[in-house]
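Heads up: the protein sequence lines correspond to chains A and B, in order. First residue of the first sequence? That's 62 in our numbering, and the numbers climb one at a time after it. First residue of the second sequence? That's 3 in our numbering, and the numbers climb one at a time after it.
Check each hint, because a few of them may be wrong.
To be verified - Restricting the straight-line Cα-Cα distance to at most 27 Å, the calculated cross-link-like pairs of lysine-lysine (BS3-like) are: (1) B:Lys188 with B:Lys200; (2) B:Lys79 with A:Lys84; (3) B:Lys188 with A:Lys112.
What the hints assert, rightly or not - Heads up, incomplete: computed chain A residues facing chain B, CB under 10 Å, no partners named: (4) Val77; (5) Phe78; (6) Cys82; (7) Lys152; (8) Leu153.
It should be emphasised that the hints constitute simulated quantities derived from the structure, not laboratory data. Think of the CB as a built atom: it goes at the ideal place given N, C-alpha and C, for glycine as much as any other residue.
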Amino acid sequence: MDINMTLIGQSIAMIVFVWFCMKFIWPPLLAALEERQQQIEEGLTAADKGKELLVKAAIEADEIVGEARKQATSILDSANVRANEIVADGKLDGAKERERQLSAAKAEIEQEANRAREELRGQVSAIAIMSAEKILNREIDNKAHDDILGKLAQEL
Amino acid sequence: MATEGGHGPLTSGDYISHHLQNLQACKDSSGEWVMNIGHNASNICSGNPMAINVDSMFWSVFLGLVFVFLFHSVAKKTSSGKPTKFQALVEIIVEFVDSSVKDTFHGKSRLIAPLSLTIFVWVFLMNFMDLIPVDWIPSAASAVGITYMKVVPSTDVNVTFGMSVAVLFLIIFYTIKNKGVIGFVKELTLHPIAPPTKGIALIASPFMIAFNFLLESVALIAKPISLSLRLFGNMFAGELIFILIATMFSSGLLLGGGGGLLHVGWAIFHVLIITLQAFIFMMLTIVYLSLASESH
Chain A
62 MDINMTLIGQ SIAMIVFVWF CMKFIWPPLL AALEERQQQI EEGLTAADKG KELLVKAAIE
122 ADEIVGEARK QATSILDSAN VRANEIVADG KLDGAKERER QLSAAKAEIE QEANRAREEL
182 RGQVSAIAIM SAEKILNREI DNKAHDDILG KLAQEL
Chain B
3 MATEGGHGPL TSGDYISHHL QNLQACKDSS GEWVMNIGHN ASNICSGNPM AINVDSMFWS
63 VFLGLVFVFL FHSVAKKTSS GKPTKFQALV EIIVEFVDSS VKDTFHGKSR LIAPLSLTIF
123 VWVFLMNFMD LIPVDWIPSA ASAVGITYMK VVPSTDVNVT FGMSVAVLFL IIFYTIKNKG
183 VIGFVKELTL HPIAPPTKGI ALIASPFMIA FNFLLESVAL IAKPISLSLR LFGNMFAGEL
243 IFILIATMFS SGLLLGGGGG LLHVGWAIFH VLIITLQAFI FMMLTIVYLS LASESH
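Between the sequences and the hints, there should be enough to build the whole structure, so can you do that?
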């Protein structure tokens with residue numbers, strides 16, 4: 062318990078250790094710590110920036126999707142309109158064609174009927190003349206009544 | 003417990019005083035180096051102011067080297083990348099010391115922080131020796147013929163004083179460095195009562211200066227004394243309680259078992275004390291040095 066030279070020895074030892082620590086231990090350790098601090102700080106800022114960018118990108122993506130959706134709708138709309146137009150056109154064309162065909166058929170039928178009527182008229186007049194001839198052959202002179210019969214055939 | 007050493011302490015009192023005796027070396031009257039070593043060693047060196055406590059010196063230097071080696075090995079291959087577990091531990095300690103210094107010491111100094119780190123870790127390691135069961139190392143030492151072996155350097159008042167004296171010189175150095183020799187003298191003589199500078203009261207000035215000097219000198223000297231005695235007192239008391247508990251081990255099963263429980267409890271509590279004392283020693287050193295380098 063008494064004070065002796067150990068005191069001086071301990072002081073010297075302390076000075077040596079402190080000197081060594083100051084020279085070879087503290088500076089590299091603190092430098093490493095500060096460097097790591099810097100790195101962590103940079104990492105955190107980068108992460109923040111990344112997050113911000115992500116949010117921005119998400120908004121942008123939303124915008125793009127919305128735009129695309131809008132475009133798709135408008136394309137669909139115009140396609141529908143076009144399809145309706147085509148259908149309407151088709152209907153119109155069909156109706157026209159039907160009308161045309163119908164009128165052509167009607168005209169043909171009329172022609173045919175006229176032709177048949179003409180023929181029939183000829184035949185009837187021929188038959189009438191024939192029968193009249195037969196009747197008149199007996200009673201009337203052919204020549205005397207020829208003009209009357211011609212007039213008759215014309216009137217028919 | 004009672005059988006180690008040459009002449010073998012027999013009573014509890016012998017056991018305790020044996021544990022409190024340093025291994026010492028000194029020059030005897032004929033100028034030759036002698037030690038209280040070996041069988042039938044007598045304490046020839048006790049009371050000799052030129053003696054050296056070999057065990058205290060050995061363990062404190064050994065632990066200082068442990069500190070230097072461990073921290074230097076980390077510092078050498080340290081990198082800012084992913085740290086190893088031990089490197090992380092060292093960095094936690096360094097950062098803790100660094101923030102303590104930055105909180106308290108506002109000047110710029112390349113010395114304060116490494117000084118604080120050295121003090122903290124070294125004192126902690128010296129205190130830590132207290133947790134090694136009190137008989138292990140002394141028994142091993144006596145087995146090779148070393149009768150006396152105190153393994154906790156911070157229970158040696160010379161060790162704590164040695165460190166606080168170094169701190170005292172640093173306090174004086176920092177005061178002179180920051181305030182000049184005149185500032186240092188002024189600090190010692192013109193506080194706390196400012197002596198009158200004119201008129202008839204000038205006669206009283208020398209007395210006031212003398213009074214101030216007395217007061218401030220005591221305040222200055224009290225710093226290292228309180229610093230070292232605080233550490234020494236705590237560690238010595240802790241060590242003594244461990245020794246007292248150890249005397250119970252040979253007193254029957256019941257007392258021995260109780261002693262075991264007490265030992266565990268005290269050791270767990272002591273973990274707090276050794277850390278706290280190391281921290282206080284470091285912190286007060288920083289405070290004293292920051293007081294020395296700041297003008298008030």
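**Request:** Determine which of the earlier numbered hints do not hold for this structure and return their numbers in increasing order.
**Result:** 3, 7, 8
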